[in-house]
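Chains S and W, in that order, give the protein sequences. If you use my numbering, the first sequence corresponds to residues 1 to 115, in order. If you use my numbering, the second sequence corresponds to residues 1 to 113, in order.
There could be a bad hint or two in this list.
Across the chosen pairs, the derived CB separations fall in these ranges [as the list claims (entries may be wrong)]:
id	chain 1	residue 1	chain 2	residue 2	range
1	W	N7	S	T113	41 to 47 angstroms
2	S	T80	W	G54	26 to 32 angstroms
3	S	R9	W	D58	29 to 35 angstroms
4	S	V115	W	R77	44 to 50 angstroms
5	W	R77	S	G16	30 to 36 angstroms
6	W	Y71	S	S51	33 to 39 angstroms
7	W	R77	S	S70	16 to 22 angstroms
8	W	N66	S	S27	25 to 31 angstroms
9	S	R73	W	Y39	46 to 52 angstroms
10	S	Q18	W	Y39	42 to 48 angstroms
11	W	I112	S	G16	18 to 24 angstroms
12	W	D27	S	P61	21 to 27 angstroms
13	W	P14	S	N77	29 to 35 angstroms
14	W	R77	S	T14	47 to 53 angstroms
These are calculated hints, taken from the structure and not from any lab test. Keep in mind the model is a prediction, meaning the values are calculated, not measured. We put the beta carbon where it would ideally sit given N, CA and C, even for glycine.
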Amino acid sequence: KAGVTQTPRYLIKTRGQQVTLSCSPISGHRSVSWYQQTPGQGLQFLFEYFSETQRNKGNFPGRFSGRQFSNSRSEMNVSTLELGDSALYLCASSSEPGTGGGGYTFGSGTRLTVV
Amino acid sequence: QKEVEQNSGPLSVPEGAIASLNCTYSDRVSQSFFWYRQYSGKSPELIMSIYSNGDKEDGRFTAQLNKASQYVSLLIRDSQPSDSATYLCAVRMNSGGYQKVTFGTGTKLQVIP
Chain S
1 KAGVTQTPRY LIKTRGQQVT LSCSPISGHR SVSWYQQTPG QGLQFLFEYF SETQRNKGNF
61 PGRFSGRQFS NSRSEMNVST LELGDSALYL CASSSEPGTG GGGYTFGSGT RLTVV
Chain W
1 QKEVEQNSGP LSVPEGAIAS LNCTYSDRVS QSFFWYRQYS GKSPELIMSI YSNGDKEDGR
61 FTAQLNKASQ YVSLLIRDSQ PSDSATYLCA VRMNSGGYQK VTFGTGTKLQ VIP
C-alpha cells in the first residue's frame, strides 16, 4: 500500500511569510501527527489529529496550526515565519491516536528553510 | 528532567560486535515503547516496539524493557556498517488526558568496518 506522502519536499521562505505543508497518511489510517525536527532539539511534537479533531497539541506558539480533512489528509500552517522555524517537518501516520495501533509510519518530511 | 533521555553518542562499535543503546523515561505509567532508526537525510523508521517487561527479539535486534527502573534498551547483534544511523527511543505517555509519543534526541551509532 502507498506510504505517507508529504508535500512539498523542500521550501524556502522569507521571514514574515506563511507556509502550508500537506500530509496524506497511509490509506485507512485516521491519525496524523506532526513533528518538528531540528539538530539541537530532536523530534518535537506539534499536534495530533484523529477523525478531523485535534486531540493533542505540543508546546508551540499559536503561529503553528493544523487541520485534518474528512479523507484524513492533514495540513499544517505556520504564519509569520521566523528564522528558528527552519527545520524538517515530519508527518506520522497511525491507525489509532497516540499510536494505539502500534508505531508510526513517517513521511519523507518537508525541509523548510526560512531566510 | 527530560521526558525521554538518550546519550547522543556517537557510539562506535567494530563490525560484528554488539551495540547497546539505552534510554530512560520519566513517566512511570508509560506503557508503550518504540525504537526508530533514522539514516542521515531520511525520516525515522520503526524497527521495534515493546510493551511488557523483559526482552523482545527480532532478528539481530533485541529490545529490553524494565519498567521498575524506567529503562528501555536496544541491542544490535553482529553489527554491520549498514546499521550506522541515529537510533531514536520513543515513549507513549499521558499528556493532558490524551496519549502522545515523546522522542529522545537519539543516539548516533557508528559501526566501524
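Each hint tested on the structure:
1. Remark: the range hint 41 to 47 angstroms for W:N7 to S:T113 is contradicted by a beta-carbon distance near 29 angstroms.
2. A C-beta distance of roughly 49 angstroms is found between S:T80 and W:G54, which places it outside the suggested range of 26 to 32 angstroms.
3. Range check, S:R9 to W:D58: Cβ separation about 31 angstroms, and the 29 to 35 angstroms hint holds.
4. The beta-carbon spacing between S:V115 and W:R77, approximately 45 angstroms, falls within the hinted interval of 44 to 50 angstroms.
5. At roughly 52 angstroms, the beta-carbon separation of W:R77 and S:G16 lies outside the given 30 to 36 angstroms, and the hint is violated.
6. Between W:Y71 and S:S51 the CB atoms are about 35 angstroms apart, so this pair conforms to the stated range of 33 to 39 angstroms.
7. Restraint check, W:R77 to S:S70: a C-beta distance of roughly 46 angstroms breaks the suggested window 16 to 22 angstroms.
8. A hinted range of 25 to 31 angstroms for the beta carbons of W:N66 and S:S27 is inconsistent with their spacing of about 37 angstroms.
9. Against the hinted window of 46 to 52 angstroms, the Cβ-Cβ separation of S:R73 and W:Y39 comes to about 27 angstroms, which falls outside the hint.
10. At roughly 31 angstroms, the beta-carbon separation of S:Q18 and W:Y39 lies outside the given 42 to 48 angstroms, and the hint is violated.
11. Checked against the hint of 18 to 24 angstroms, the C-beta distance between W:I112 and S:G16 comes to roughly 47 angstroms, which is inconsistent with it.
12. For W:D27 and S:P61, the hinted distance range of 21 to 27 angstroms is satisfied, since their beta carbons lie about 25 angstroms from each other.
13. At about 47 angstroms, the beta-carbon gap between W:P14 and S:N77 misses the expected band of 29 to 35 angstroms.
14. For the pair W:R77 and S:T14, the beta carbons lie near 49 angstroms from each other, so the given range of 47 to 53 angstroms is met.
Comparing the model with each earlier hint shows violations of hints 1, 2, 5, 7, 8, 9, 10, 11, 13; every other hint is respected.
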